[in-house]
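K.L.:
Each protein sequence line maps, in turn, to chains A and G. Numbering-wise, my numbering puts 183 at position 183 of the first sequence, and it's gapless, one number per residue. Numbering-wise, my numbering puts 52 at position 52 of the second sequence, and it's gapless, one number per residue.
Think of the hints as simulated: they come from the structure by calculation, not from any bench.
Think about it this way: if two alpha-carbon atoms lie no more than 27 Å apart in a straight line, the pair counts; the simulated DSSO-like pairs of lysine-lysine are:
| hint | chain 1 | residue 1 | chain 2 | residue 2 |
| --- | --- | --- | --- | --- |
| 1 | A | K207 | A | K142 |
| 2 | G | K9 | A | K397 |
| 3 | A | K402 | G | K2 |
| 4 | G | K120 | A | K402 |
| 5 | G | K120 | G | K29 |
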Amino acid sequence: MRYVIIGNGAAGVGGAEGIRSRDKDGEVTIISAEGARIYSRPLISYLVAGKVADSGMDYRPADFYERNNCKVTGERAAAVDAKGKAVILEGGARVPYDKLLVAAGSSPFVPPFEGLDTVKGKYSFSSLADARALGAALAPHKKALIIGAGLIGLKCAEGISEKVASITVTDIAPRILSSILDEGGAAAVARHIEGKGVSFRLSSSVKRFEPGTAYLESGEAIAFDLLVTAVGVRPNTALLKGVADTDRGIIINARSETSAPDIYAAGDCAQALDASSGESKVMALLPNAYMQGECAGVNMAGGEKSFDKAVPMNAVGFFGLHIITAGNYTGNVRAAGEGDGYKRLFYSDNRLNGYIMVGDVGKAGIYTSLLRDGTPLDTLDFEQICEKPGLMAFTSKARQEKLGEAR
Amino acid sequence: MKRVYVNEKWCLGCHLCEYYCAFAASGEKDMARALKDIAINPRIRIEERDDISFAVSCRHCREPLCVKSCLTGALTAQDGVIAIDGERCVGCYTCILVCPYGAVSPSENGAVQKCELCVKNTGSPACVKGCPNGAIVYEERG
Numbered sequence: 001m002r003y004v005i006i007g008n009g010a011a012g013v014g015g016a017e018g019i020r021s022r023d024k025d026g027e028v029t030i031i032s033a034e035g036a037r038i039y040s041r042p043l044i045s046y047l048v049a050g051k052v053a054d055s056g057m058d059y060r061p062a063d064f065y066e067r068n069n070c071k072v073t074g075e076r077a078a079a080v081d082a083k084g085k086a087v088i089l090e091g092g093a094r095v096p097y098d099k100l101l102v103a104a105g106s107s108p109f110v111p112p113f114e115g116l117d118t119v120k121g122k123y124s125f126s127s128l129a130d131a132r133a134l135g136a137a138l139a140p141h142k143k144a145l146i147i148g149a150g151l152i153g154l155k156c157a158e159g160i161s162e163k164v165a166s167i168t169v170t171d172i173a174p175r176i177l178s179s180i181l182d183e184g185g186a187a188a189v190a191r192h193i194e195g196k197g198v199s200f201r202l203s204s205s206v207k208r209f210e211p212g213t214a215y216l217e218s219g220e221a222i223a224f225d226l227l228v229t230a231v232g233v234r235p236n237t238a239l240l241k242g243v244a245d246t247d248r249g250i251i252i253n254a255r256s257e258t259s260a261p262d263i264y265a266a267g268d269c270a271q272a273l274d275a276s277s278g279e280s281k282v283m284a285l286l287p288n289a290y291m292q293g294e295c296a297g298v299n300m301a302g303g304e305k306s307f308d309k310a311v312p313m314n315a316v317g318f319f320g321l322h323i324i325t326a327g328n329y330t331g332n333v334r335a336a337g338e339g340d341g342y343k344r345l346f347y348s349d350n351r352l353n354g355y356i357m358v359g360d361v362g363k364a365g366i367y368t369s370l371l372r373d374g375t376p377l378d379t380l381d382f383e384q385i386c387e388k389p390g391l392m393a394f395t396s397k398a399r400q401e402k403l404g405e406a407r
Numbered sequence: 001m002k003r004v005y006v007n008e009k010w011c012l013g014c015h016l017c018e019y020y021c022a023f024a025a026s027g028e029k030d031m032a033r034a035l036k037d038i039a040i041n042p043r044i045r046i047e048e049r050d051d052i053s054f055a056v057s058c059r060h061c062r063e064p065l066c067v068k069s070c071l072t073g074a075l076t077a078q079d080g081v082i083a084i085d086g087e088r089c090v091g092c093y094t095c096i097l098v099c100p101y102g103a104v105s106p107s108e109n110g111a112v113q114k115c116e117l118c119v120k121n122t123g124s125p126a127c128v129k130g131c132p133n134g135a136i137v138y139e140e141r142g
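Using the sequences and the accompanying hints, generate a full structural model.
P.N.:
Here's what the structure looks like:
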């Protein structure tokens, strides 16, 4: 059996580990545009900050490919020939497959700002190469401007905060982290980050750039030496356009299969069912990427695995303030446990839809399990669990299953 | 493999498991000296309310969500024991986001901590040895 995996991020690694959990002998080829090293992408902000050494960036040990008997091709995949069952590399070489996993990730999206081409010292913040380029340009006298107050933009701000003179972050949205926080949560986190010297310009977009200056719609001019664009990422779907069904991402089912025979997809390039809302979504998060990849790998190797519990979820910290969120913020809202930070639970129809915790995030996974499993809220003490996540809120029978049986 | 299991009805809520856990992790020889004047931060925790109490620690799941979700590869399954490499953990708390038991917690140094069945210190779970009433046991249950 010839397995081919396009991409060596978390989804690709999950795919390789999934295949090897069932098939030790089949030929596994990994096509990696970024070279052979498997690094943890979310660590790039820690690398820039100097909190993780370059040697600490590895997502898997250096002998991963050897130990798992995988061949690596350090060249970009240019096309998939589904009829001929081969991946065509940029150089023209064909890599034949019996089963293919597309784990091609996402790419930063840079809007066509007027005058952006005149700006020197502009960076994205999505890859190790980006982080190294930005890291080399940092200097104590330089002013940084970051476009985008999402997870990438703000992790970048934290990462460079002690290495530049000032940081301004702009976003079109009226609040920071608009994809994961509601107004109240965003306000609490924004206050904390501002307290560390970062300035925000929200509800505000850049009208045009001149070298060293951004002009906002409001008319304000912001001088900068370094520009980081972190507006968002787009799923890399091009390889399967016309080959399999795509929407924003490559559509996959619970087995990580695309609509094309013998082709699977996983991670940031894929679009799957959100178990907390029932909607089809790109959930570009490392845990989902790994688990979709692993699921694909097991199925590619003839196994039977289903991953139908993907939900949007994030754990992230900024300047020591932790945030954990999951699910969707619809239905009734419950504020609880206000003592140590900000917390909201969202529920309707006897189900938890989502939650936000800022500050005290202990045992958050118990909430995540409720929305992942669709646990009926009338089977537990909802008042109690709102106040504090714990197993105490479950029935003693449910607890016995959780704590008294092998899991 | 052998895991720690809870017999809720036998739990006295005495918290000795927490103290034995903290002692085992301290690497000290003398319990009184190891725990004197410190607020312990054990890897096993008693939940209690009214007359119910029970201990919660890592279940060492066969399909460990924490390991699969770990951003850095700091969490691994080693012969079924879910282990944390504190050097590689950056404290993102993704494991806290996904653990359905609330069994992973922050440590003092920024990394997370969790029960590792005492494989790195005393060899077998100190909490179980220290439980006076058999409310936690270390055994094979399939």
